Every structure is written in structure tokens, then in C-alpha cells.
Amino acid sequence: MSKKQIVILGGGTGGTMTANRLRRRFDADDADVHVVDRDDRHVYQPGLLFVPFGLAALDDIVRPRQRQLRNGVTFHQGEVAWVELERNEVVLLDGTVLPYDVLVVASGVRLQPDETEGLTEPGWNERVFTFYDPAGAEGLRLALEHFDGGRLVVNLVDMPIKCPVAPLEFAFLADWHLRERGIRARTELVYATPLDAAFTKPIASQHLGSLLGEKEIELVTEFNTGEVDGIGGALTSYDGRVLDFDLLVTVPLHGGAAFVERTLGLADALGFVSTDKSTLQSTVKPNVFALGDATDLPTSKAGSVTHFEAEVLTENVARYFVDAELECGFDGHANCFIETGFHKALLIDFNYETEPLPGHFPTAFGLPLLRESRLNHLGKLAFQWVYWHALLPGREIPGIGPAMPTAGKRQTSFTPEEGAVR
Amino acid sequence: MTTTLIADPLVDVDAEGFLTNPEQWNEQIAEAIAADNGVAELTDRHWLVVRFMRDRYLRTGNAPSIRALGKESGVPVKELYELFPKGPAKLAAKIGGIPKPKGCI
Chain S
1 MSKKQIVILG GGTGGTMTAN RLRRRFDADD ADVHVVDRDD RHVYQPGLLF
51 VPFGLAALDD IVRPRQRQLR NGVTFHQGEV AWVELERNEV VLLDGTVLPY
101 DVLVVASGVR LQPDETEGLT EPGWNERVFT FYDPAGAEGL RLALEHFDGG
151 RLVVNLVDMP IKCPVAPLEF AFLADWHLRE RGIRARTELV YATPLDAAFT
201 KPIASQHLGS LLGEKEIELV TEFNTGEVDG IGGALTSYDG RVLDFDLLVT
251 VPLHGGAAFV ERTLGLADAL GFVSTDKSTL QSTVKPNVFA LGDATDLPTS
301 KAGSVTHFEA EVLTENVARY FVDAELECGF DGHANCFIET GFHKALLIDF
351 NYETEPLPGH FPTAFGLPLL RESRLNHLGK LAFQWVYWHA LLPGREIPGI
401 GPAMPTAGKR QTSFTPEEGA VR
Chain F
1 MTTTLIADPL VDVDAEGFLT NPEQWNEQIA EAIAADNGVA ELTDRHWLVV
51 RFMRDRYLRT GNAPSIRALG KESGVPVKEL YELFPKGPAK LAAKIGGIPK
101 PKGCI
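Same order as they appear, the protein sequences are chains S and F.
So that you can map any letter, position 199 of the first sequence is 199 in our numbering, and since no number is skipped, the others follow by simple counting.
So that you can map any letter, position 48 of the second sequence is 48 in our numbering, and since no number is skipped, the others follow by simple counting.
Bound-form chain F, shown alone (with noise of 0.2 Å):
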């Protein structure tokens, strides 16, 4: 594990990026990490997004897979991919600052 710089606290990341601790998390820092994996902007869609990942991962202690997410936050799959081209589970958590979603097996 590593510190580094994404807005101005110092949080603690992964070797992908990823948050280790969701609590040194705002919204400053979502929005560079967004901007640093090719989301220039974050819109309403992508914050309902990341709030949904956030949110289920901190009350379930999982973040869902991008079929689930699909189903559950009510947003299509083809717009999932559209809002956080490539992978939108993957990189919703990144921005949310959660871990990355355990792949299933």
C-alpha cells in the first residue's frame, strides 16, 4: 500500500489506485481520480452511479458487478458503459473510493 497525492489530503491507495480507506474519500478527490482515468467531467448520472457503488459497498461490505449494478441502480448497461467507458463497475468504485470489486468466480 502506498500514499499519494489526488487532491489535497494524502490518501492511501492500492497498486490499481484504489482507495484502501473509503473514509479519507470527498468529492474533490473523486473528481480527480475521474479526471485522471480519461472522465473529464462528472455529470448527475455518473454521481448517482458512484454514490449507489459507495453507498452498497459501505452498508455490504461488496461492491456489485456491473450486471448487478446494472439491475439494481436502475441505470442500463449500455449507459453504464457510455458514463465510465471501459469498466464501469471497476472504475465507479475507483472514483467512489472503494476497493475494487472482487471479480466473481
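Same shape as in the complex, but just chain S (with noise of 0.2 Å):
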């Protein structure tokens, strides 16, 4: 074939794994491969929860984009224009123009703070924060040091968000540090989502909803966040209802980056591209594809779920060269830790079709499932290093794959009407 230009678009955990994968499948003469960002700074998001606690530093999190890129693969910082997807070119706001042969998008999501009212006016990083940026980790960590008891609350303020457990992590691991430093009997701890429950797959909701009990933590469902007073700290709700708060923790309303929505006809109303669950090609045009974040797939915005995204991508831009016919290798299936304070994590693992069940991952020897244990802990822990070192670089991670284990799991049985589904 004639040399292929590859071109994709952010440099984080899809678009890392992808251009390294890519780089080792395809000679040199065969392809060349580009990954553009704005900024060179990668940021290991699982760490920003911890942050706020003191127990991660954003020096340990945030390392250069290219260093994590393989040797042969040409990194272009700049800011995405848009695409000219009729004429297969990216175009930079500097002008730079870049030809490709197959795009993937993997520009993950933009916070969208301002489009809650009142939530950037005064009181925005004094008393209302979000840990879902460095900044906002590191404000956040400042200004817990300083509370001293009252109302926290923690909220997200519509699905879809990153990492679904994250806030709920959050309130865990707020619920141990209070704790730990002795105000906990004077903070009234609150958390407020939209759905109906405190996840959105219903076994695990029942799980996480108990722990929320035990752990003395006010669970308000169903809360859809209209507007925010950060001078006078209050969270109103769409139906009326106000949540006072002390201190807000907030999950902000993600959209896809600029570029994808100036690109006429890649995205949905939110901002995410079109792509099909199952080959990640975009539905828009045969030779883009998506991965991570940025898709409008309907499985977690998570870094596993990129993981295994980008192995099904990188056999189908292949298959795409070669007019072969792509393979519908993604199941939806995700893989997260849950952190719930005292060294303690619980493990949930599922896909398009099966939720989140009690069990052993991935065999029936493994990690505990939907269970509180400090081997899950150690987990989340290791994960760190295995990410820079092998989930970016793009090596196999021995038994863990794609397509998701059903060996160590059990089925139980589950009445709807508790169901979390909005």
C-alpha cells in the first residue's frame, strides 16, 4: 500500500495507546503517525480523586504527552480548528493543515462549568469546587485543609461524566478524612446525583447505596442541579428543592471538545462523536473512528473502557486499509475501582449487556467484585505504574482483554423497581 498518514487527535489515554499500538502494527514506510494536542501535559486522571486528600500530588500525576509516545510517532502541540471531513484535513488554529488517510478522534470531554447557572460567578473555587481538573484538585485540597466541619456537599450535575464512581469515591474518601482528623461528627455529609439511585446500574447501586448508609452519608436522588449560589451556598434544583452547603464538590456538565462540535455533522447535540458501539468506527465517515471519551458509545466514560476501545480500533483501522471487513470486537465493557477510604476498594466489572455483579475477576481466583477488600485497595494502587507502563506503551496485560469475563461472576436476582435508569 502507499504510505498512510494516521492522524490523532489528543494525546491522553486513547490517543497515546492508540499512536503507540499503531506505530508498532504498521511499518514505517507503510504509515506515518501523528497525535496533536494543545498541551504537552498527560495527566493520570484516575489520581486527580486523591489529590484533594493529600494523597496524591499533582507532580506524581502529570507527565509530558510525548514521552509517553513511541519513538516514530510525530507529536504536533496546537489547537484543533476543526475538521474538513470532505477533504480528509485537520486544520489548526496556528493554519497548520494535516492531510490524513484514517482520523481518530480521542479528544475525551471539556468540563462545562458555565453552562450551570451561577456555578463560575463568586464563591467558584472559594467554596465550590470540582477535583475533575488539576486546578480544582489542588484548590479542593487547599480548602478541605482549611474546613472544619458543616454541610459538604458533593454533586454531579448530569450524566454523562467521567469515571460514573468518581464522586461517590469522593464522598468516601471525604467521609474517612473527616474521620481521620476528628471533625466527622460535626459534618453533615450530602450526596446529591440525578438519577434515582446512587449509580446507574441497579445491583451495584443496591451496594453502593448501602455503603453510602453506612458510612452516615445523606443520599438525595433524582436532584437535577438548576442553579448554584456560591456566595450564599446553596444548590437549587430544577423542581425547587435547595441543598445548603459549607463546602460544594461538584461534578460540572461534560460536552466534547470545541473542535468536535465546530465540525459540522461529527458530533451529537452534546458534543460526542457518532461511533459504532461495536467496530468504533464513526458512523459519519468511513475512514474516522473514535475512541474514549469522546464517543457518545453508551458505556462509561472511563480509562479501561479506552483500554480495551483501542485494541478494537487499532485490528479495525488495519482492516480498514485493507478493505477487510471491520470486527465488532467492543462489548462495552468496563473495569473499575471503587475507593471507599480506610485502604479499602471494591472492584465492579461489565458491559453493554451485563451489569455490574458480585463474583471474582476475571476468573474465580481474582480480585474480589462488588465486595469491599484492601487487595482491591493495593489494586487501584498498583494501577498507576501499570498505566505509564503498560497500559500507555500498549503492551497485553495478561487475562485481561476486550471482551469481558463472565468466569468469576455470579448472577443474582434483582428487583426493578429499584432499578437506577433514568
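If you are wondering where the hints come from, they were derived from the structure by calculation, not from laboratory data.
Values in this document were obtained by computation on a predicted structure and should not be read as measured data.
The calculated label-pair distances, taken between Cβ atoms and stated as ranges, are:
1) Glu-27(F) to Phe-342(S): 51 to 61 Å
2) Leu-58(S) to Pro-22(F): 44 to 54 Å
3) Glu-23(F) to Glu-227(S): 36 to 46 Å
Computed cross-link-like contacts, EDC-like style, restricted to lysine to aspartate or glutamate with a CA-CA straight-line distance of at most 16 Å:
4) Lys-344(S) to Glu-180(S)
5) Lys-102(F) to Glu-222(S)
6) Lys-86(F) to Glu-222(S)
7) Lys-102(F) to Asp-196(S)
8) Lys-71(F) to Asp-114(S)
Calculated from the model, a selection of chain F residues having no Cβ within reach of chain S, i.e. all distances over 12 Å:
9) Glu-23
10) Gln-24
11) Glu-27
12) Glu-31
13) Ala-32
14) Ala-34
15) Ala-35
16) Asp-36
17) Asn-37
18) Ala-40
19) Arg-45
20) His-46
21) Leu-48
22) Arg-54
23) Asp-55
24) Tyr-57
Ideal Cβ placement from N, Cα and C applies to all residues, glycine included.
Combine the two chains into a complex, taking the hints into account.
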């Protein structure tokens, strides 16, 4: 074949893994691999959860993007203006034009706090914080240091969000942190969610809901945030309910990257790329693929999902180049550790069809699923090493493939009335 | 799945009262469901949203979430809550005779 140009938009988890896998897959004579990102800071995003509690420092979780890319991958630092889908070109704001044979959109999500009335008004980053970006996580660390009791409200504005369990983990860790400091008794901890239960999936919701109860965290459901008053300390839902707070930890609305929205026809109303859920080819053009948080796929926006997708996407780009039928290899597989504090964590594993179930992962002798254990907490800590040294380079991890394992899972019964689907 | 008498013909509904077969829907059924769920009168604005939800579902197989509904229908989210208290996307889907919108994950 003639030499192909592969342009990957985004040098985060999905873009980096894909670039490294594609670079290994193709000879340098057969394809050039380009990665575009607007900055050179690769954030290990699972680490952000720990920053507010002083359990991780920003320096530990941020590394240069370029250094995570294999030799032979070209890194372009610049902001994407839009994509000329008809001409197969990416236009950067500085005027650079990158022609492509295959485009991979891996641009993740953009936080949109300004879409919620009052959220970015006075009080923002003073008593209203998000830990979903490095600056917010660091600001929250300082605010928590000075927090001396009162009402701490943890809130997610609306789905979809990255790592849907992270706000719950934050609430669990906050409970632990406040107990360690001896101020838990004078703190009311509230978890407000637009969902009708603690989590999106029914069986996991039952487990997580009862954990909230055990930790004396008040659960407020179907709370659709309409307005935030950061000075007055009040969160108001669209149906008129008010939650007072001394400190608000919120997860703002998520949308796709700005250039995705500026590219006509690429995305849905929220800016997520319309993507085939099993091949990862976009439904917009056959030479455009997408993975990770940037897609509109009905699965979690999480690094584990992106990792499983990268394997399928790499295979399908190769097949696309030789006109072979694409592999319908992605099943929605997600795998998440959920920190619950006190050196413990839960693990959940699920896909499009199977919700998180109890049992063990990946086989009957693996890590316990949906149950608090120290082993899972150690797994979560060890994962950071795995992320930099195995996941990003695109190495296979034995026993952990794209398809969800069923060997260790127990089917349990569940009453649909208590479902968490909105 | 059960059948229930909402208006004249029997329609198939799920445990929460959402029609499972959108073809059994008509405007009388919509009004009956609305009345049952605390919306006494369906105004033009209500109909705009109900028809938008229904149309979107029939064309794409998915009903929009509240946020997408606000962006795409042109009816601000605040007004959606005034029209359909509690859960606009859910209630408009119910009245529009389509399945309950799947929550985001």
C-alpha cells in the first residue's frame, strides 16, 4: 500500500495508546502516525481523586505527553480548529493543515461549568470546587485543609460524566478523611445525584447505596441542579429543592471538545462523536474512528473502557486499510476500582449487556467484585504503574482483554422497581 | 408486561406505565397519561416537546436525555421542568407513548 497518514486528535489515554499500538502495527514505510494535542501535559486522571486529600501530588500524576509516545510518532502541539471531513484534513488554529487517510478522534471531554447557572460566579474555586481538573483538585485540597465542619455537599450536575463512580469515591474518601481529622461528627455529608439511585446500574447501586448509608452519607436522588449560589451556599434543583452547603464539590456538565462541535455533522447535541458501538468506526465517515470519552457510546467514560477500545480500534484501522470487514470486537467492557476509604476498595466489571455483578475478577480466583477489600485498594494503587508502563505503551496485560470475562461472576436476582435507570 | 386501559383501546405498558408498543399511541392516550401524571392540560408547548421526543425516538431508536432535549428542542431546561415537573424527559416520553429513556452510564 502507499504510505498512509494516520492523524490522532488527542494525546491522552486513548490517543496515546492508539498511537503506540498503531506505530507497532505498521512499518515506518507504510504509515506515519501523528498525534495532536494543545498541551504537553498528560494527566493520570484517576489520580485526581486523591489530590484533594493530599494522597497524591500533581507532580506525581502529570507527565509530558510526548514522552509517552513511541519513537516514530510525530507530536504536534496546537489547538484543532476543525476537521474538513470532505477533504480529509485537520485544520489547526495556527493554520497548519494535516491531511489524513485515517482520523482517530480521541479528544476526550470538556468540562462545562459555565453551562450551569451561577456555578462559575463568585464562590467558584472558593467554596465551590471540582476535582475533575488539576487546578480544581489542588484548590479543593487547600479548601479541605481549612474545612472545620459544616455541610459538605458532593454533587454531579448531569450524566454523562467521566468515571461515573468518582464522585461516590470522593464522598467515601471525604468521610474517611474527616473521621481521621476528628471532625466527621460536626460535618453533614450529602451526596446529590440526578440519578434515581447511588449509581447507574441496579445491582451496583444497591451495594453502593448501602455503603453510603453505613458511612452516614445522606443520599439525595433525582436532584437536577438548576442553579448554584456560591456566596450564599445554596444548590437549587430545577424542581425547586434547595441544598445548603458550606463546601460544594461538584462535577460539572461534560461535553465534547470544542473542535468536535465546530465540525459539522461529526457529533451529537452534546458534542460526542457518533460512533459504532462495536467497531469504533464513526457513523459519519468510514475513515474516521473514535474512542474513549469522546464517543457517544452507551458505556462508561473511563480509562479501562478506552484501553479495551484501543485494541479493537487498532485492528479495525488495519482492516480498513486493506478493505477487510471490520471486527465487531468491542462489547462495552468497563472495569473500575471504587475507593471506599480506610485502605479498601471495591471492583466492578461490566459491559453493554451485563451489569456489575458480585463474584471475582477475572476468574473465580481473582479480585473480589462488588465487595470492599484491601486487595482491591492495592490494585488501584498499583494501577498507576501499570498505566504508565503497560497501558499507554500498548502492551498486552495477561488475562485482561477487551471482552468481559464471565468466569468468576455470580448472577443475582434483582427487583426492577429499584432500578437506577433514569 | 401488562395491558391496561388508559383511554379506549387496551395498550401494552411496562411496570412503570410506559407504552411498550409506540404504535398503540394516540392523542387521547397521551392526554389520559398526562392527566394521570399530574399534567392537567397539554398546551401547545407540551405537545411540541412530546412530539419532539416521540419523533426522535421513532427515527433514532433512542429518546434524548433532558440535557439533549433542552439543546435540541429549543425549549430551555427550566421551562421543561415547568411543563413536566420532576422528570421532563421521562414524563414526556411516557406521554408520548415511547419507552422510558435509557439513562446515561
